[in-house]
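*Asks:* Listed here are the chains, written in short residue letters.
Number of protein chains: 2
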Amino acid sequence: MTDNLSANRANFVTHLECAMTGERYEAGRLHGLSRVGRPLLVRYDLAALGASIDRDAIAARAPDLWRWRELLPVVNTANIVSLGEIETPLIAIPRSGGKGVLVKDEGRLPTGSFKARGLVMAVSMAKELGVTRIAMPTNGNAGAALAAYASRCGIETIVLCPEETPEINVREIAAQGARVWRVNGQIDECGAIVGKGAAEGRWFDFSTLKEPYRIEGKKTMGLELALQFGWDLPDAIFYPTGGGTGLIGMWKAFDELEKLGWIGSKRPRMYAVQAEGCAPMVRAFEQGLEHAERWENAATVAAGIRVPKAVGDFLILRAVRQSGGRALAVSDAEILRAVDDTARQDGLLMCPEGGATLAALRKARAEGLVAEGERVVLFNCATGLKYPMPMAGEPLDRTKEIDLSRL
Amino acid sequence: MTDNLSANRANFVTHLECAMTGERYEAGRLHGLSRVGRPLLVRYDLAALGASIDRDAIAARAPDLWRWRELLPVVNTANIVSLGEIETPLIAIPRSGGKGVLVKDEGRLPTGSFKARGLVMAVSMAKELGVTRIAMPTNGNAGAALAAYASRCGIETIVLCPEETPEINVREIAAQGARVWRVNGQIDECGAIVGKGAAEGRWFDFSTLKEPYRIEGKKTMGLELALQFGWDLPDAIFYPTGGGTGLIGMWKAFDELEKLGWIGSKRPRMYAVQAEGCAPMVRAFEQGLEHAERWENAATVAAGIRVPKAVGDFLILRAVRQSGGRALAVSDAEILRAVDDTARQDGLLMCPEGGATLAALRKARAEGLVAEGERVVLFNCATGLKYPMPMAGEPLDRTKEIDLSRL
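Line order of the protein sequences matches chains A and B. Just so you know, numbering that gives the first Met the number 0 puts the end of the first sequence at 406, numbered straight through with nothing missing. Just so you know, numbering that gives the first Met the number 0 puts the end of the second sequence at 406, numbered straight through with nothing missing.
Keep in mind that the hints were calculated from the coordinates and are not lab data. Fair warning: there could be bad hints in the mix.
Note: identical chains are not told apart, hence a pair may lie in one copy or across any two.
Computed cross-link-like contacts, DSSO-like style, restricted to lysine-lysine with a CA-CA straight-line distance of at most 30 Å [to be verified]:
| hint | residue 1 | residue 2 |
| --- | --- | --- |
| 1 | 308 | 195 |
| 2 | 399 | 308 |
| 3 | 265 | 98 |
| 4 | 362 | 98 |
| 5 | 399 | 195 |
| 6 | 308 | 362 |
| 7 | 265 | 362 |
Work out the full structure, taking the sequences as your base and the hints as a guide.
*Replies:* Here is the structure:
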């Protein structure tokens, strides 16, 4: 099989454009947000791309993220900073989720979360564009992925976490060579500090969607699903939504694949899943708004979706509405029950954000939004091992007579 | 690509045999150790296998453990209990390990460790052979893999851990539906309790090498390496050695591949890596013994290789000697330094047992055992996320003026 990390491939990026105004920005230069403060999207010459390679050639390559190289922005192969971005498996959960439900287990990626997809791309592009110092606000997993990839290529990193960030994430970030700080605030408040330093030229700002390439990395979730489902997308996708990069990325991937003629016009219904304690997208969806107001006093066990304000709010809401999906909120109790059910009944330990997608599926079924027999994908965005589990393990004294019948 | 989880495949198992005496045992029946108390090895009709399929056909299948089905014991596809056993990636660590060194990152497997390979096979076979209740002694990761696969197919499990077992492992085992106990003793002392219950007919004994199929699962590490290296094996393999199932399994795999004509007679030098605080194989290797005496007062940060006595000792020593390798012991300080270096310099967070392999490589290089430019594989047997990391994250007060130059 072809080695995607050493093969040179053609690059089809034509330019970047503002997701709000369509204003055009030059490729091959460092960009943050657009002039109106909105995310930039990378555009490709899809006609030339389609003439150069077909979907079967992609499918015949080694099964990692870099098999999609022609649909990705990195120009020079030597700039790829890889830690083994495997294609993540789809795992049935028949007992806890029912028939037809597959979990895409993103916890298998480097640093144990789907953040690796976005960060491997953003860091590789930072390397390509000569960035030497990066700062980022994070609820944990994005910071861990940034630290790993940046350390690997000698880029210095400063990571700011809300003080509620799980202990293991903060330690992991530091272990992988970043400098990390705990801030008495939410992720957008950490982001304000990062933004201030970036404006002063101290570092490059790697906040969600504030640089254009994380979305290109996250896009590969949609590309992989298309291939894994034999170029016939599933009926519904449940996606834990904080900053929403993955949902936006998948929607962009489907659009590009259709333009290439590799899939048809059929789209999955996209369900943006949030926690009841931080559900700005759900509120905006239900009120018919294009933008979401900040959610005050955000609180949920699912730290990864504790994002009070998302800069890509309009892109999330647009994709959900176009797809015929919904934004759904679930309680922490429902999240924890879902995690527990899937671990005990199907042997798959999900993260709380992954549990939220199963909880939302259960709600969607109860409301008649998802029919029996539909092909459903839930995103488990990180390994469950990063999250607290209940105490266990009663002591057993081997020096005394043990009643084996009670074991 | 072919779906390895639904396709029916031919089975080539002829029988099992005692690894010590060669005595023959019937396939398709439940077996523990041989009559002389030693492991049983599964034997295949390799001539018929080779006539039925070639290595290119295997390579063209989806890249998971089940692509090797003809070389595995499960007869009925419906008995496969899968959680997505992907092919694990090989990751370069140029800064901490040097050129030509690749880490096989087994932390990407279900439940975050290479134990999944052995347990997916053993549990699938237990299902095939009608087992309903399993008990196991474990230092953590094997118990977690057993719990996950057994819960997934409704088999009841009892897991006994030494009281020093990392907290996260004990909790993970319970979260995945097993009943788990903490025993005031070492793993072989837990094993004695499991053995007693098995003798009384209370459960089936899943101790390392005491049932014949874990080794067949672990064998896939060797099969994968052969394929990933283009059927030309690396020069040296460093393997963290507790019970040694993986080392024995890889050696068996290489033998089977050569008999099939899929690889030549060249073998990697096998380095069995242990901790200075528990190094029975190193002592036996250096003393030229065929069996290893129990290591008293075993103690090391690398819990997975804290195995004072291994039932497969003679198979480990035989493979290491035949390969021209060595058994090497490293200190806990060397282990922790290796973990830290690889995380900080190459962005890869290994487990202590994985760190031990890098520490041993450094020692082997210093002793002239490994030359510059040789192709070396280190086994990182589990995700580093399961292990304690140093405290990190200095507080930052966003309500006050922040001196950004100090970040």
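*Asks:* Hint by hint, note whether the structure agrees.
*Replies:* Hints versus structure:
1. 308 x 195: Within. Shortest intra-copy distance 18 Å satisfies the 30 Å Cα cut-off; inter-copy 59 Å does not.
2. 399 x 308: between (58 Å within a copy, 23 Å between copies)
3. 265 x 98: within (22 Å within a copy, 47 Å between copies)
4. 362 x 98: Within one copy, since 16 Å is at most 30 Å while 52 Å is not.
5. 399 x 195: between (64 Å within a copy, 14 Å between copies)
6. 308 x 362: within (24 Å within a copy, 52 Å between copies)
7. 265 x 362: within (24 Å within a copy, 58 Å between copies)
Consistency with the previously given hints is maintained throughout, with no hint failing.
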